[in-house]
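Visitor: Okay, here's what each chain looks like letter by letter:
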Amino acid sequence: MSLTGKRILVAKPGLDGHDVGAKVIALALRDAGAEVIYTGLRKTPDYIARVAIEEDVDAVGLSILSGSHLELVRETQRFLREFKGENIKIFVGGTIPKEDNEALREAGASGIFNASQRIDEVLAEIDTLLSAPA
Amino acid sequence: MNKPQNIELNDPGQPSDVTPSGIVVPEVATPDMMDPAKIGEPGKYPFTRGIFENGYRGRLWTFRQYSGFGSAEETNQRYKFLIGQGQTGLSVALDLPTQCGYDPIDPMAVAEVGKVGVSLSHLADAETLFDGLDLAKLSTSFTINGTAAMVYALYLAVADKRGIPRAKLTGTIQNDILKEYVARGTWIFPVRPSMRLIADSILYSNEQTPRFNPISIAGAHVRDAGATAVEEIAFTLVNAFAYVDDLVRRGGDPNSFAKRLSFFFYVHMDFFEEICRFRAARRIWARTLKERYGVTDEKAQMFRFGVVCGGASLTAQQPYNNIVRVGIVNMAAVLGGAQSIFTAAYDEAFQIPTETSAEIALRTQQIVAYESGVARTVDPLGGSYFVEWMTDKIEEEIEKVIKEIDDYGGAIHAIEDGYLQMRIARRAYEKKLDIDRGARVVVGENYFRHAEDRTDIGEVFKVDPGIAGKVRERYQQLMDTRDDSKAQASLAKLREAALDENENIMPWLVDCCHAYATVGEMVTTLKREWGEFQEPVRL
Numbered sequence: 028m029s030l031t032g033k034r035i036l037v038a039k040p041g042l043d044g045h046d047v048g049a050k051v052i053a054l055a056l057r058d059a060g061a062e063v064i065y066t067g068l069r070k071t072p073d074y075i076a077r078v079a080i081e082e083d084v085d086a087v088g089l090s091i092l093s094g095s096h097l098e099l100v101r102e103t104q105r106f107l108r109e110f111k112g113e114n115i116k117i118f119v120g121g122t123i124p125k126e127d128n129e130a131l132r133e134a135g136a137s138g139i140f141n142a143s144q145r146i147d148e149v150l151a152e153i154d155t156l157l158s159a160p161a
Numbered sequence: 197m198n199k200p201q202n203i204e205l206n207d208p209g210q211p212s213d214v215t216p217s218g219i220v221v222p223e224v225a226t227p228d229m230m231d232p233a234k235i236g237e238p239g240k241y242p243f244t245r246g247i248f249e250n251g252y253r254g255r256l257w258t259f260r261q262y263s264g265f266g267s268a269e270e271t272n273q274r275y276k277f278l279i280g281q282g283q284t285g286l287s288v289a290l291d292l293p294t295q296c297g298y299d300p301i302d303p304m305a306v307a308e309v310g311k312v313g314v315s316l317s318h319l320a321d322a323e324t325l326f327d328g329l330d331l332a333k334l335s336t337s338f339t340i341n342g343t344a345a346m347v348y349a350l351y352l353a354v355a356d357k358r359g360i361p362r363a364k365l366t367g368t369i370q371n372d373i374l375k376e377y378v379a380r381g382t383w384i385f386p387v388r389p390s391m392r393l394i395a396d397s398i399l400y401s402n403e404q405t406p407r408f409n410p411i412s413i414a415g416a417h418v419r420d421a422g423a424t425a426v427e428e429i430a431f432t433l434v435n436a437f438a439y440v441d442d443l444v445r446r447g448g449d450p451n452s453f454a455k456r457l458s459f460f461f462y463v464h465m466d467f468f469e470e471i472c473r474f475r476a477a478r479r480i481w482a483r484t485l486k487e488r489y490g491v492t493d494e495k496a497q498m499f500r501f502g503v504v505c506g507g508a509s510l511t512a513q514q515p516y517n518n519i520v521r522v523g524i525v526n527m528a529a530v531l532g533g534a535q536s537i538f539t540a541a542y543d544e545a546f547q548i549p550t551e552t553s554a555e556i557a558l559r560t561q562q563i564v565a566y567e568s569g570v571a572r573t574v575d576p577l578g579g580s581y582f583v584e585w586m587t588d589k590i591e592e593e594i595e596k597v598i599k600e601i602d603d604y605g606g607a608i609h610a611i612e613d614g615y616l617q618m619r620i621a622r623r624a625y626e627k628k629l630d631i632d633r634g635a636r637v638v639v640g641e642n643y644f645r646h647a648e649d650r651t652d653i654g655e656v657f658k659v660d661p662g663i664a665g666k667v668r669e670r671y672q673q674l675m676d677t678r679d680d681s682k683a684q685a686s687l688a689k690l691r692e693a694a695l696d697e698n699e700n701i702m703p704w705l706v707d708c709c710h711a712y713a714t715v716g717e718m719v720t721t722l723k724r725e726w727g728e729f730q731e732p733v734r735l
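Line by line, the protein sequences give chains A and B. In this text, residue positions in the first sequence follow the working numbering: the first is 28, and each later residue adds one. In this text, residue positions in the second sequence follow the working numbering: the first is 197, and each later residue adds one.
Please note: incorrect hints may appear among the correct ones.
Claimed, not checked - Okay, derived cross-link-like pairs now, SDA-like style, lysine to any residue, Cα gap no bigger than 25 Å in a straight line:
id, chain 1, residue 1, chain 2, residue 2
1, A, K70, B, Q547
2, A, K70, B, E600
3, A, K33, B, T720
4, A, K111, A, S158
5, B, K486, B, D588
6, A, K125, B, Y516
7, A, K70, B, R734
8, B, K276, B, G614
9, A, K33, A, D73
10, A, K125, B, G654
11, A, K125, A, K111
12, A, K125, B, D632
13, A, K125, B, D588
14, B, K666, A, R101
15, B, K627, B, E600
16, A, K125, B, V639
17, A, K70, B, Y516
18, A, K70, B, D632
19, A, K70, B, F644
20, B, K627, A, V78
21, B, K627, A, A142
22, A, K70, B, P303
Rather than coming from a laboratory, the hints here were simulated on the basis of the structure.
Let's have the full structure, built from the sequences with the hints guiding it.
Guide: This is the structure in C-alpha cells:
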C-alpha cells in the first residue's frame, strides 16, 4: 500500500467532537505514505476549503458523526468550487445511513466509508480514487 | 493497486488468555494469589466491596436512560413516555449547538440544531422541556460540559420560577471539562478559566443544591475514543485529582465537597476486567483522598459512579447482537457496584433510538434487576480467588498509568500540550488494526461476518427535518418578546463577574437565565473576556 506523494486533508466540519475516526484514518494514511494535515475540531466548510487550497491537497476527508453529513459535504463542495478547487476529491466517513449514499455522492462525495470497514480496504479505495484521472 | 485479499475470519480459535488491557489471566486462580486483608467490608474503607453496607438491598441502582432530540416539546413527550414505563431518572441529551454555546440562529449551529439532542437555549425552552415533570422528586442528569454552568443555571431558574426549593433538587451535571479537551470535544474556553467555572459551580452547588451532583468526572468518552479499561480509570482519576487540587486551592473542604463528586464510565465486554476495575478504583480513590488530602469522613472517601453499557462495544454489523452484549455488560456494571446505569439501545451505533429500541434497553435493566437475582446479596463475587487477584492486579496497572501522567507533569499539562489526546488516538489505531487482522474477536464485525453487510435495524428513527426551523422560530419569538434591556443588563453584570477572579460566577448566570438571556449570549460574553481554547493537534 502506498499513497506516497499524495497530500490529504483530514477535517472535522461542524460541531461534532468525535474525532477517533478522523485520527485513526489520519494515522493510517500517514503510515501508507501520504502527507496528512489534520484540521482539529469544529471547522467550517469555508475554512476547510481554504486550507485545502492553501495546502494544495489531492483530497479532503471529512469525518462526521452528528447526522449533518449532507449539509456539510454540500457546503464543503460549494466552497471548493468557489475557490477553484474542483479537482480536489471529497471523502466522507462516520455514521452515514446507507440510504444517504446517493444523495451524498450527488453532493460531491467520491468515497463514503464507515467504521466497520477494514483500514486496508479504505486505503485501497482512496488509492484507486486518487489514481483515477480527474 | 489491487484490492486487498478478503481474509475470511471464521475461526477465532481458543479465546485469548489476555484481557484487552493486556492483563495475562491465570488458568486457575488459587487461594495464595489473593490477600484477604486488602478486601475489607462492604460500606467501609477502602470500599473494595462497594460503598453501601447493604449493597443494592437498600436501594437499587438508578435506571437512567439518555434521551433527547429535536425540540423541547418532543423531548418532553419522550420523557413522559419513559417515566410511564418505569424509568427512575431523567438523562438529558442536548444538541451540539447547546453543548458548544451557540444559539440556534448562529451560522455555526445551522446544520446541527436538534440533531443529537434537544436544543436548549433559554429559560422558555427549559420550562417546556420539564413541563409536567416534578423536579422535586425526579433526579435529572445533564450530559453537559462546556456550557454546564449555564444549563445548571437554567435548571435552577426553572425551579425558582415554579417555587421548588433549590435544596430539593437532585441530579447531576457532567461538568467535566478536562475530558472534553481529551476526547469529547465540546470545550469552549481555555483550560484555566474553564477550571474556574467548574470550581465556581461546584462550590455554589454545595451551598445552594446540597443534594445535587455538580460534577460527574467521566472516563466514558476517553474509553470510547480508544483508551483501555485500565487507562479509562487512570485518566479519570488524574483529572479528578486536578479538580480536587483546584477546589482545595479555592478554599473548599474536601471532607465536604468530595461527598458530591461522582464518576461516569463506559462498560465494555470483558466481564471480569470491568467488574474488577471498579473494585480497584474504589480502593485507589478512598486511599488517595485519605492519605493525600487528609479526608477523614468516610462518605467523602466513597467512589460513586454511573455507567453506560454499550458505546464502542456495540457493532454496526448484525445490530441485534447488541441486545445480548448490553445484557452482559449490564450484569458487569451491577457486579461492579454502579449507582446508576444507562443501557444503550441496540441501534445506538446508527441513530437516536426509536421508541422500540429504547424500550428494549430499559427492559434489559429490569430483567437484570428483577429476574437475574444478582442484586440480592452484597458483592456476590467478593472473596473469589480470581476476582480478588484481578482486582489487585488492575489496581497496580491503574497506578502505573497514574504515575506516567504525574511524571509527564500532571493531567492539565498533558492535556494542554496534546499528549493524552495523542496517546489515546494511537491506542484507537492499534485497536482498529487488531480487529482488522483478527487479533481481537468482535462477533459479526470481523469474525462470523456475512459477505454482504448486515446492518438492518428494523425501524428507522428520523428527526423531523422541520425541527430546526421550529426551534429557530421559537428563538426569534423569545427575542421579540423578552425585555431586552433586562437581558443586556444581566449580561453586563456577568461580564464584570468574569473579570473578577474572586467572584463566583454562578449567581450571575442564574440572573441571566431569569432575564431570558440565552446560552449563546452568556457564552459569547465570557469568550470576550476569557478567549477560546486552541486545540493542540498532535498525531
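Visitor: So, for every hint listed, does it hold in this structure?
Guide: Going through the hints against the structure:
1. With a C-alpha separation of about 23 Å, the suggested pairing of A/K70 with B/Q547 holds against the 25 Å cut-off.
2. Restraint check for A/K70 and B/E600: not satisfied, since their Cα atoms lie roughly 32 Å apart, outside the 25 Å limit.
3. Only pairs whose Cα atoms come within 25 Å are accepted, and A/K33 paired with B/T720 is rejected, the gap being roughly 40 Å.
4. With a C-alpha separation of about 20 Å, the suggested pairing of A/K111 with A/S158 holds against the 25 Å cut-off.
5. Distance hint between B/K486 and B/D588 is fulfilled; the C-alpha atoms sit about 19 Å from each other, no more than 25 Å.
6. Of the supplied pair hints, the one linking A/K125 and B/Y516 holds, its CA atoms being roughly 18 Å apart against a limit of 25 Å.
7. About 17 Å separates the Cα atoms of A/K70 and B/R734, which keeps this hinted pair within 25 Å; it holds.
8. Only pairs whose Cα atoms come within 25 Å are accepted, and B/K276 paired with B/G614 is rejected, the gap being roughly 42 Å.
9. The suggested pairing of A/K33 with A/D73 holds, with an alpha-carbon distance near 22 Å, which does not exceed 25 Å.
10. The hinted pair formed by A/K125 and B/G654 meets the criterion: a straight-line CA distance of about 14 Å does not exceed 25 Å.
11. Proposed proximity of A/K125 and A/K111 is contradicted: the alpha carbons are some 30 Å apart, above 25 Å.
12. This hinted pair checks out: A/K125 and B/D632 have alpha carbons roughly 22 Å apart, not beyond 25 Å.
13. Proximity of A/K125 to B/D588 is assessed by CA-CA distance (about 46 Å); at most 25 Å being required, the pair is judged violated.
14. A threshold of 25 Å between alpha carbons decides the hint, and for B/K666 with A/R101 the separation of about 23 Å falls inside it, so the pair holds.
15. At most 25 Å may separate the alpha-carbon atoms for a hinted pair to count; B/K627 and B/E600 meet this at roughly 21 Å.
16. For the hint linking A/K125 to B/V639, the alpha-carbon distance of about 22 Å falls within 25 Å, and the restraint holds.
17. Restraint check for A/K70 and B/Y516: the C-alpha separation of about 35 Å exceeds 25 Å, so the hint is violated.
18. With a CA separation close to 30 Å, the supplied pair A/K70 and B/D632 exceeds the 25 Å bound.
19. A C-alpha spacing of about 39 Å is found between A/K70 and B/F644, which places the hinted pair above 25 Å, so the restraint is violated.
20. Distance restraint check for B/K627 and A/V78: the Cα-Cα separation of roughly 30 Å exceeds the 25 Å cut-off, and the hinted pair is therefore not satisfied.
21. This hinted pair checks out: B/K627 and A/A142 have alpha carbons roughly 12 Å apart, not beyond 25 Å.
22. Pair hint A/K70 plus B/P303 holds up; C-alpha atoms about 12 Å apart against a cutoff of 25 Å.
Consistency with the previously given hints fails for numbers 2, 3, 8, 11, 13, 17, 18, 19, 20, ordered from lowest to highest.
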